[in-house]
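*Asks:* Chain residues, written in single-letter form:
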Amino acid sequence: MSSTEAPIKPASRTINVGYLARVEGEGGLHVKIKGGQVTDVRLEIFEPPRFFEALLRGRSFTEAPDITARICGICPVAYQMSSIHAMENAYGVAVGGQLRALRRLLYCGEWMESHALHVYMLHAPDFLGYPDAIKMAADYPDIVGQGLRLKKIGNEIMTRVGGREIHPINVKVGGFYRAPDVSELMKLEEDLVWARQASLNTVRWAATLDFPKLERDYEFVALRHESEYAINEGRLVSNKGFDIPISEYEQHFHEIHVPHSNALQSTMHGHSYFVGPMARYNINYDKLPEMVREAAREAGLGPTCNNPFKSIIIRSLELLYASDEALRIIRAYKVPEQSAIEVGMGGGSGNYEVPIDTNETVRDGTEYALRTAGDIARTGFGCTEAPRGILYHRYDLDDEGLIADAKIVPPTSQNQMAMEEDLRAFVTERIDMPTEQLTWQCEQAVRNYDPCISCATHFLRFDVTRDGE
Amino acid sequence: MFHVSRLTFHFLKGIDMDKQKQRKPKLAVWKFSSCDGCQLSLLDCEDELLTVAGAVEIAYFPEATRTVIKGPYDLSLVEGSITTPHDLERIKQVREQSKFLMTIGACATAGGIQALRNFKDVRDFISVVYATPGYISTLEKSTPVSEHVQVDYELHGCPINKRQLLEVISALLNGRKPNTPSHSVCVECKQRGIPCVMVSKGVPCLGPVTHAGCAALCPSYNRGCFGCYGPKETANTVSLADWWTLSLAVPESGVMRAFRGINAYAPSFMEWDRSKESEKSEQH
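The listed protein sequences derive, respectively, from chains X and Z.
Residue numbering for the first sequence is 1 to 469, as defined by this note's numbering.
Residue numbering for the second sequence is 1 to 284, as defined by this note's numbering.
Looking at chain X on its own, in the form it has when it is part of the complex (with noise of 0.2 Å):
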């Protein structure tokens, strides 16, 4: 970390965040002061890229849940759920009853892993003034402890549902491997009864935090599902009118660049947008239980929010919720009759088949739409609510099941421009703050987003440092 040192001239300054400690991936944070002006505004990324979209070209249809998990080892499920749904779509096949229910506990878990390392580790030490949790620890033992065991019961649930926490190994287009036991998940029971007690206490907790003040005016955008706090499906809505469905997505979301930064961001119309809990809660509020709504109440929340530094308690209602919706799933779980249904298979088994191309029914009565323009047989559009928000999928796909070609879209990209301008406001108000209060508090800016560079990086742009130049 490279700051200027405290006795400087406020009027001309920069603030320089090298490496962005308590964010996934690698990124730094740059802010420009002249003249008591901001003028410039950078969130640097030097994570590598990975070209992710370019080595699904050639794979099957059925390898995408696995591969693209690998993006991201914070929120894999997202990648998987995402992938999935686009498959399906682009075979018209629909998963539904236990399967789906099955789906959305696995979402749940990953939900209560994210937040709650978020809440916790990344999140409150800027609140209290810790460099890290394990430091918070030492004088607030019992709230670090709640934090980890809270993580840990998410992590649970993704293992009995996916084997693993990270890069969980039972997913698979048209449903799972292996449908867990009854009472394989009837043990999270007394765990979650204890988290949704415990996440009430998480979000009663974040509500005392003090909280520096930032109120823009956001374009919210998140899933939204008619009978239910959207998860894995539903239309693209915004809290200013926008409704579309998920495959109209790329009409109206464009990459742009910016002169002041080499990375590219995601606009709505060539502005800016907001995703991710805070979205979420602000465009489904209606949706969540009245147990949730009675705790953001208590919290001095109302169906509103505009700050971003209470995120934090946004995200411990999603941990109630989680919580609670984890466990309505697993008491009213049956052990669907088969694990799977078949999605454009040819028979065999394994994920080594090449796919055959039929016209047949498969086995939910949904008919095959095939469409046989050119080499792309079929495209599947999938977008789920990871736990930093929307996360777009889009697969064309040739007759023989092969990727033609991918295309996805993370919620860390969605944000960057959210993020850059919530900076440059925040720093607005603050031209005079100590250069060291004022570094941390815009470290802490950017953690309000719990931003993913890993994630982003496959679609961000860098500098050009050539050898020898």
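Derived by calculation from the structure, the hints in this document are not laboratory data.
Remember, predicted model here, so these are calculated numbers, not experimental data.
Covered stretches of chain X, going by a simulated chain Z footprint (3 or more residues, C-beta under 8 Å):
(1) 15-22
(2) 72-85
Below are the DSS-like pairs computed for lysine-lysine, each with C-alpha atoms no more than 25 Å apart in a straight line:
(3) X/K135 x Z/K70
(4) Z/K24 x X/K135
(5) Z/K141 x X/K407
(6) Z/K70 x Z/K24
(7) Z/K201 x X/K172
(8) X/K407 x Z/K120
For every residue, glycine included, the Cβ atom is placed at its ideal position computed from N, Cα and C.
Following the hints, put chain Z in place on chain X, whose structure we already have.
*Replies:* Quick look at chain Z alone, frame taken from chain X:
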């Protein structure tokens, strides 16, 4: 190519060489090209994290803390593969500052899923993802850490098994040899009493050539192993490929995709490709 030392010496000596000085060993966690999942494994040790943090000094671990303590470091955990000119220099600096360097996971150990670029022209890959390819600074290949510096220990897996991570750290701190078996996934199936998925269900499985460590996870879910722990030592991949094609009627394209997965750049997973190429050149 540097050899991985796996020196029993390090373990017997232990890394806590300054006990008299009451100094805790300094731990650093480094990230290169990766998904963050393997370093997350350390944070996923919810029950043991505070104990580990009590036994070592966490000197560098940006995913977890703002604190940065200068090297040298007693133990460096390295996640991720080497893919940029900058990282090529950085890994050398990490090596210089580290007494004991351990790679964690498939990226650091074999180049990771991103090593699939090694089989194509990386310029084609760049143009698929980025509109202006000139902006991208990248090496042609994604390579394991051991191709550039001496590595003292390699922990396999995508992701690594957090129990194994704790086992190796604990062995180092206590000056003993870690108990991390190097046999195949097949042995783990036998230990757990899981019927062979290839024999009993005809499911193609990479278990016979894959390094142990997952406790035969995929076969326990009725699924063939897809090799995320990478090849075991002396893996006979060509023979397994023959079995897939001849007994299980897997097309050659399926065999190729199986080996070209998470550990595609591991030498013995590339062997089948090479044997196919030499077959072709013999025919000509």
